[in-house]
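Visitor: Now for the letters of each chain:
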Amino acid sequence: MTAAQPSSQNACATAPSVAEVEASCRLPVLFLAFSGAAWLLTGVVLALLASVQLYNPTFMEGCAWVTYGRLRPAAINALTYGFALQSAFALALWLIARLGRVELSAPLGLTIAAKFWNIAVTVGVFGILAGDATGFDLLEFPLYAALPLFASYACIAAWALVTLHRRTERELYVSLWFVLAALLWFPWILSTAQGLLLVWQVPGVVQAIVAGWFGNNLLQIVLIGFALAVLFYFVPKTVNRPLANPGLARAGFWLLLLIGGWCGLAQLAPVPAWIPAVSGAANALVIVPVLALLVSLWQTAEGKIGETCKENATFRFMLGASILLLGVTLRTAIFGGHFTQFTFFDTARTDIVVLGVFGLAALGALHHIVPRLTTGEDELPSEGLADLSFWAALLGVIAVGIGFTFAGVKQAAVGASTNDKFLEFAVTGTANHLKLVTVGYGALAVSALAFLANFALAARRCCLNCCGGAR
Amino acid sequence: MRYGPIIGAGALFSLACSWAALVMAPQLQLGDLSPAPIPNTPDFHPAARPGLAAQGAEVYRSLGCYQCHTRAVRQDQLLFGARLNGIGPKAINLEAAGSGKTNLVNLKLLIALAKARPDLGLAKVELPPTLAADTNAVAAFAQFTTHLTLLKHADHKAGIVRTNSATVNELAGKLPAEILAKVGPEEAERVVKLLSDSGAKAELVIYNLGPDIARGWGARRSVARDYLNDAPVLLGSVRVGPDLASIGTRAPEKFAAPWKFATSNTATELEHHLLVHLYNPRLLAPASTCPSASYLFDKVKPEVRYAGEPLVVAKESPPVFPKHNAHALVAYLLTQRNDVSLPEAPVPSVAKSATAKPAAPADTNAPSKP
Chain V
1 MTAAQPSSQN ACATAPSVAE VEASCRLPVL FLAFSGAAWL LTGVVLALLA
51 SVQLYNPTFM EGCAWVTYGR LRPAAINALT YGFALQSAFA LALWLIARLG
101 RVELSAPLGL TIAAKFWNIA VTVGVFGILA GDATGFDLLE FPLYAALPLF
151 ASYACIAAWA LVTLHRRTER ELYVSLWFVL AALLWFPWIL STAQGLLLVW
201 QVPGVVQAIV AGWFGNNLLQ IVLIGFALAV LFYFVPKTVN RPLANPGLAR
251 AGFWLLLLIG GWCGLAQLAP VPAWIPAVSG AANALVIVPV LALLVSLWQT
301 AEGKIGETCK ENATFRFMLG ASILLLGVTL RTAIFGGHFT QFTFFDTART
351 DIVVLGVFGL AALGALHHIV PRLTTGEDEL PSEGLADLSF WAALLGVIAV
401 GIGFTFAGVK QAAVGASTND KFLEFAVTGT ANHLKLVTVG YGALAVSALA
451 FLANFALAAR RCCLNCCGGA R
Chain Z
1 MRYGPIIGAG ALFSLACSWA ALVMAPQLQL GDLSPAPIPN TPDFHPAARP
51 GLAAQGAEVY RSLGCYQCHT RAVRQDQLLF GARLNGIGPK AINLEAAGSG
101 KTNLVNLKLL IALAKARPDL GLAKVELPPT LAADTNAVAA FAQFTTHLTL
151 LKHADHKAGI VRTNSATVNE LAGKLPAEIL AKVGPEEAER VVKLLSDSGA
201 KAELVIYNLG PDIARGWGAR RSVARDYLND APVLLGSVRV GPDLASIGTR
251 APEKFAAPWK FATSNTATEL EHHLLVHLYN PRLLAPASTC PSASYLFDKV
301 KPEVRYAGEP LVVAKESPPV FPKHNAHALV AYLLTQRNDV SLPEAPVPSV
351 AKSATAKPAA PADTNAPSKP
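Quick note, the sequences are listed as chains V and Z, same order.
Residue numbers for the first sequence follow the numbering used here, beginning at 1 and rising by one.
Residue numbers for the second sequence follow the numbering used here, beginning at 1 and rising by one.
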C-alpha cells in the first residue's frame, strides 16, 4: 500500500489487489490525464500568443478571433477547465481507488463523462474565441458550454463518491479529505456562480463579487486542495516514511477550508469597504493553515529531501509545488492589497496557482501514475524527458510569475503617482517583463510536450506488450 | 477520521460560511440599490443606455476590452474646504454715497476671516471721513475696533504672528475665494459657520483626492450604484490601458495621449477620436499597445443604401467606413461618465465664477496648529 497509516486489520478480506485496482483505473484515468496534458499544451500556446500581443500589438492584428481580449480568457479557461480540473479528476479517481483499495465504479461511464467534459471545454474555448465570453474571470465559458460542463462534472463526481463509499480501506487518509472537500466544494461554487451570473443575474457589482468569490474558491480550495491531496500522497510515498504529525495536517485542513473561502476579494474596487477589508485579513490568515500543512509535509521528509530529490522525479515536482504554494500565499498576503490593485500582480496569482502549485503537483503525480497504468513500471520510459518536463515547467512558472509580478509592481508605481505619463511608464515600460512571461509560457509548452512524448512512449510500449503477446 | 460524511458536512459548513458572507450578505446590502436622481434635473444616474450603446456594451464584452481596461476610479481621501461666495448684505460702502463708486466692506466678515486664517494678516480699515455722520457705520467701526483688539489679544496669547504680505482683506476682495482647502470636516464646518454668522455667503466644498482623480480619470470614486444598468458588470482587473470609467466626459488633455479639440463641436470630435482609436490606436498614440479593431471597419464603401459617413483616419490614406458595431462600441464608451454627484460619492461643486476658472488652490492652506 501507500505510506498512509496502515490499518490492515480493518481491510476487508475481499479487498482487490493493486493490479485489479489499477486495471479499473486504466481507461478513465489515462484518458483524463492525456486530455489534461493536451489542454495544458493548448492553453499555454494560447497564453503565449496572447502575451506576445501585450508588447507587440501588431502581432496577429486584424482578426477578432485572436485579439488579446479573446485569446487571454480562452487560454486561462482552457488551462483551468481543460488542464487543471481535468487532471484533478484523474488524480482524484486514482487516489480514491488506491487509498480506498477499491476498484473504480463505472470506468466506462467515467470515460464517457470525461469525453463530454472535453467536448464542453472545446466548445467553450471556441465560444470565447467567437466572442461569446461571459465577461467574468475564470468563468468565461458561455452558458451553452457551462451547462454540459456541469452535467459531466456531476457524473464524474457522483461515480467518484460512489467509489469512495465502497472503499475497503475504511480509514480516510489526509489526501482523501482534500479530495472529498474539493469534490463537494466545486459543484456548489460552480452552480452558485453560473446561476447568479448567467441565469438569474444579480444586479450591479454583486456580479463582480460573486465572480470574484467563485474564482478564489476555485483556486484556493479546489485546485490548491487537489494539489495538497497529491502532495500528501506522494511526499510520504517517495521518501518512504509515514506522515509525520497527522494532527497538524488535520488542523491545517480544517483551517484552510474555513479561511480559504474568504480570500481573493481584497482588490475589488467599487464595493462596500468591508469586503476588501475582510478578504485582505483572510489573505493574511490563510498563511497559518498553509504553513501547518507544509510543516507537516516537511517533518515527514526532513533529512531525506536532498537525497530523494536526486533519485525521484515525482518528488522534485512535489518540492517545487510546495515552495510555490508557500510563495504564492505569502506574496498575496503581503503585497496583494491596495497598492497592486488593477495590475498584472493578481493575474500572476492565477497563473502560479493553476500552472505552478497545481500544475507541478499534477505533472509530478502523472509522471508516476501514467507508467503504473500503462507499462506497470514505476518510471516513465525516458528519464531525460521527465527531467526536461520538470525543469521546463519549474522555470516556466517562475518566469511567468516573476514577469507578471514585476510588470504589476511597475504598473502599481505608476498608478500610485499622479504622473500622467501613463503610456511611457505603464505600457511601454513593462514590455521587458512581459517578454519574460512569453518565455515562461514557451518553457511550459516544452514541459507539456516532454510529458506527452513520455506518455506516448509509455503507451507504445504498453501496446507492444499487449499486442506483441497476442500475436 | 473514518467517516466521509463528517468531512463532507464540515466542508459544506465551511463553504456555507463563506457563501453567506461573500455572496448573500453583499446581495442583501446592495441588491435593492436603485438609480439616484440627479439634483435639479429630471434625470437619474445611472441612466438607462440607449439602444446603440446597449449593443456597444455587448461588443465591449465580446472583444474582451475589459481584459485591459478597468472601469473604476479609485479615491484615497475625501477632504473639505470652505468657499466664500459673497460678502453679504451687511456690507458698508466706504465710498461717498453720491460718488457713484462702490467699495463694499463687511467688517464682521474681516474679523471672521482673520479668525479662520491665522496665517494671513488683517489690514486695518479706517473710517472714511465721508461716513463720519452715518451712525450705523460709526457703530460698526467701533465694534470692528473692539473685535480687532480682542483678536490681537487672542493672537498674542496663542503665539500667532500674522504676516502683512498677504491679508484677508485681499482674500475677500476677489470672490469666490477658497478660504480653506483640503482640511477635515470639523475644521471646514467651523469656518463656514463663522463666515455665515458674519452675514457672508459661504459654502462647504469637498475635495476628492487620489492619483486617479489627479490624473483626470474621473471626478469622484466609482461606487456600486454606477454599475446598476450593466449586465454583465465588466469592472476589469488590470490597467494595461487607461481606465474608461469617465471616457465619455474626459477632457482631451487628460487622455493617455493628450490631444485638443479643434472646433467647438466637441461631441463629434470625441466620437471621431474614439473611432480612429478603434481603427488603429497607433495613429493617435504611437506607443499604444492596444490591438487594432480594424475588422470593425470596411475598407471600401459597402454596397448598402446608406453606408454611413466615411471616416478619415489619416491624411494620406483613403477613408474607411465604420460598421455598425464600431458605432455601437463608441456610443457605449460615450455613455461612460462619473461626473454625477451621488449621496455616497459627491462631486465637488464648481465655483460659480463668471470669469475663467480660478487658479488651483495651493496644496493646502490649513492653518498650522499652534
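Careful, some of the hints might be misleading.
[What the hints assert, rightly or not] Simulated crosslink set (DSS-like; lysine-lysine; CA at most 30 angstroms straight-line):
1. Z:Lys90 <-> Z:Lys101
2. V:Lys410 <-> V:Lys421
3. Z:Lys315 <-> Z:Lys299
4. Z:Lys157 <-> Z:Lys101
5. Z:Lys260 <-> V:Lys421
6. V:Lys410 <-> Z:Lys301
7. Z:Lys315 <-> Z:Lys301
8. V:Lys421 <-> Z:Lys315
9. Z:Lys157 <-> Z:Lys260
10. Z:Lys115 <-> Z:Lys152
11. Z:Lys90 <-> Z:Lys115
12. Z:Lys90 <-> Z:Lys193
13. Z:Lys254 <-> V:Lys421
14. V:Lys421 <-> Z:Lys182
15. Z:Lys101 <-> Z:Lys182
16. V:Lys410 <-> Z:Lys174
17. Z:Lys193 <-> Z:Lys260
18. Z:Lys124 <-> Z:Lys90
Don't read these hints as lab results, they were simulated from the structure.
Visitor: Look at each hint and say if it fits the structure.
Guide: Each hint tested on the structure:
{"no.": "1", "hint": "Z:Lys90 <-> Z:Lys101", "result": "holds, 17 angstroms"}
{"no.": "2", "hint": "V:Lys410 <-> V:Lys421", "result": "holds, 13 angstroms"}
{"no.": "3", "hint": "Z:Lys315 <-> Z:Lys299", "result": "holds, 15 angstroms"}
{"no.": "4", "hint": "Z:Lys157 <-> Z:Lys101", "result": "violated, 40 angstroms"}
{"no.": "5", "hint": "Z:Lys260 <-> V:Lys421", "result": "holds, 17 angstroms"}
{"no.": "6", "hint": "V:Lys410 <-> Z:Lys301", "result": "violated, 44 angstroms"}
{"no.": "7", "hint": "Z:Lys315 <-> Z:Lys301", "result": "holds, 18 angstroms"}
{"no.": "8", "hint": "V:Lys421 <-> Z:Lys315", "result": "holds, 27 angstroms"}
{"no.": "9", "hint": "Z:Lys157 <-> Z:Lys260", "result": "violated, 55 angstroms"}
{"no.": "10", "hint": "Z:Lys115 <-> Z:Lys152", "result": "holds, 10 angstroms"}
{"no.": "11", "hint": "Z:Lys90 <-> Z:Lys115", "result": "holds, 19 angstroms"}
{"no.": "12", "hint": "Z:Lys90 <-> Z:Lys193", "result": "holds, 16 angstroms"}
{"no.": "13", "hint": "Z:Lys254 <-> V:Lys421", "result": "holds, 10 angstroms"}
{"no.": "14", "hint": "V:Lys421 <-> Z:Lys182", "result": "holds, 26 angstroms"}
{"no.": "15", "hint": "Z:Lys101 <-> Z:Lys182", "result": "violated, 37 angstroms"}
{"no.": "16", "hint": "V:Lys410 <-> Z:Lys174", "result": "violated, 44 angstroms"}
{"no.": "17", "hint": "Z:Lys193 <-> Z:Lys260", "result": "violated, 42 angstroms"}
{"no.": "18", "hint": "Z:Lys124 <-> Z:Lys90", "result": "holds, 18 angstroms"}
Against the hints set out earlier in the document, violations occur for numbers 4, 6, 9, 15, 16 and 17.
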